[in-house]
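*Asks:* Chains as they are written, first to last, in my numbering: chain A, 17 to 358; chain B, 291 to 557.
Honestly, the hints are just simulated from the structure, not real lab data. Heads up, the beta-carbon is just placed ideally off N, CA and C, and yes, glycines get one too. Among the clues, some could well be false.
To be verified - Pulled from the structure, derived: some chain A residues nowhere near chain B, Cβ distances all over 10 Å: (1) Trp102; (2) Lys146; (3) Ser151; (4) Lys164; (5) Phe170; (6) Cys198; (7) Gly216; (8) Asn222; (9) Arg234; (10) Glu247; (11) Gln301; (12) Phe307; (13) Asp308; (14) Gln337.
Unchecked claim - Label pairs and their computed distance ranges (CB to CB): (15) B:Thr354 x A:Glu277: 26 to 34 Å; (16) A:Asp99 x B:Trp321: 50 to 58 Å; (17) A:Ala142 x B:Pro535: 25 to 33 Å.
To be verified - Under the rule of at most 16 Å between Cα atoms (straight-line distance), these lysine to aspartate or glutamate pairs were calculated in the EDC-like manner: (18) A:Lys72 x A:Glu245; (19) A:Lys38 x B:Asp545; (20) A:Lys305 x B:Glu467; (21) B:Lys478 x A:Asp242.
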Amino acid sequence: MRSMLLTLFIFLISSTTLFADKLDVKGELSYEFKEIKEQSEKSRLNNEYVNLMTVKKGPGKEVITQKLIKHFEKGQFITTKADDNWQISMRDDANVVTGSGWNLTVFNDGTKVNYRNSKYVNENKAKFGKDKEMSLDELKEAGEKFIKEDLKDFVKLEVGEELVFIRSIYEVDGVQNDDGSCFDETLASNIAYFGRKKDGLMLVGNSAIVIVEFSNDRKPVSFYYDWKEYEKMDEQIRISPKEEIDYRISSLSSLNYGNIEHLEVDIICGLYDDSKYVQPACEIQQKGKYFDGKDVGIINVIPAGKKYYSNASWIELELLQEFGDVCRESDITEEIFPENEK
Amino acid sequence: MKKIVFLVVLLMASSFLYASYYIGAKSESSWENGWSDNWRGDDVCGNWYNTMDDYSGIVKKSWTTLRSPAKSRYETNGDQDTTYGLDGMDIFLHCGHSGLRGVGGVTNARWNMWEDGTGDGTWAFSSNMRLGDEARELKLFSTYGCYQMNNDDGGRWSVRWRQIFRGGLKYATGFHEFAWLFGTDYAKNRQVGKDYANYLNTTNKKIKYAWWDAVKTHANNTPAVGSTGSYASHAESRRDNMIMPQLITFSTLRDNSVGGYAWTEWR
């Protein structure tokens with residue numbers, strides 16, 4: 017009797033894995049981010065003026081490391097609990113804290129942080145890996161709740177600022193035997209990307225980002241943020257008209273219809289933190305193939321203000337200042353600009 | 291007798307504790323015919339290479355270009371070169387174009403060399419690659435480039451990576467679709483290389499998460515990792531638990547001792 021039950025058990029287990037399929041999950045853009053993209057592609061920036069902002073220096077990695085450790089020391093999923101394995105390594109550019117199955121890295125001035133509890137993910141992977149992934153709405157709600165409650169002292173939203181849910185991504189683990197048998201895929205985590213709006217304008221070019229990961233039992237297990245505070249200046253920057261922005265996009269984008277096949281372009285306009293100032297800009301995401309079949313994906317950040325404040329680390333702005341607008345035909349928008357227009 | 295056993299164990303343990311790793315990277319900043327490739331892979335490789343030796347056990351072996359004879363350094367006829375070959379390293383990072391390409395009716399994973407984007411250039415092909423069986427026996431092979439771990443046709447393992455891993459390679463990290471970079475924002479590109487190095491050598495993250503955490507800041511990136519095992523669940527355990535300082539302690543599996551594969555895709 018016992019051997020029959022054992023055989024049945026083994027059969028049931030093996031049949032489950034033998035006939036498992038590729039897990040049909042794929043991340044997508046959120047509705048609100050699609051709207052921002054559509055708006056940007058239609059009219060670039062609608063504002064007439066924006067205030068120049070400067071980037072405030074963070075409180076330092078030591079302060080933030082201590083605050084985070086204290087904040088999460090009793091956490092169940094995001095935990096910084098000290099035990100025998102707990103250790104801290106202080107480097108010039110980051111503090112690294114490791115515990116049993118978790119690690120925390122606090123970079124530079126404390127405005128960039130990465131935390132992961134990989135132990136919890138691994139131990140609970142089998143729990144709900146075949147259940148449905150978290151939907152866009154679920155990820156948005158759970159991510160916002162985590163950021164606004166658990167990270168509120170670190171990811172601060174000032175007056176006029178809001179979180180923007182950007183997209184979902186899913187971590188999928190798979191296995192198979194050498195002969196292709198036992199193919200199996202399991203959902204390991206659900207990942208939510210958030211950005212930031214300031215006075216109604218999206219921060220572009222990876223200026224401000226929060227990533228929250230939920231294990232497959234929907235518990236928060238990892239977060240990453242790059243989040244600075246800004247100071248609004250009295251100085252106002254006039255936004256360039258759409259035609260002028262398009263002209264710059266054509267001049268300064270890395271890829272164009274002449275050097276790439278099947279070029280796809282996404283444009284998101286808003287504000288860009290160049291590490292010193294925050295100024296109007298458009299992020300241009302370009303992907304396609306070179307003629308020999310090389311796939312390529314490149315992002316450029318193009319200035320969108322009539323006036324701009326120089327910072328050597330924003331290379332497109334440096335190019336604009338040095339060479340001006342140099343092309344007569346928009347490769348991105350496929351518009352022809354009359355020679356006497358500029 | 292007990293003393294001898296203790297001494298042997300101590301010696302073995304100390305050899306792991308002080309294991310040194312040879313690292314190498316190849317990328318390109320100067321292309322054929324003055325071609326301007328705005329995909330700045332060398333920002334990633336250079337900063338990864340220079341940050342890796344913060345770990346005392348790292349021996350920086352070579353950071354070189356993708357010019358001839360780079361192809362042979364990837365493929366099995368020249369990968370044993372102890373200065374430039376992939377098997378001359380323990381850990382290697384390629385930062386440059388990559389992808390899939392049909393060769394003789396077989397869709398290969400390929401790694402592009404230094405030619406411009408207009409002609410029919412030189413590639414290293416997966417069907418000519420067998421890593422981990424010579425010289426330092428490459429253990430971790432990473433690529434910052436597009437599509438080399440793609441599985442849309444179902445041939446990632448059976449057609450492409452099986453051949454590479456059968457030499458004994460333990461872990462690979464790369465992308466199943468696009469790898470994005472800023473066209474001109476050098477600082478953010480540089481950070482990807484620095485972060486991958488720091489997560490490997492200081493944070494001691496699992497290799498899987500060292501890769502993901504370094505490349506995830508581009509929201510459209512589509513990374514993937516892969517590993518082998520004696521059977522599928524063994525491969526799964528190796529995929530989830532390998533960290534850089536312990537790479538050497540995980541058994542080397544070659545040819546028929548490779549019985550299973552494990553992967554992770556972020557999609």
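*Asks:* Tell me the hint numbers this structure goes against, listed in increasing order.
*Replies:* Result: hints 6, 8, 11, 12, 13, 19 break, sorted rising.
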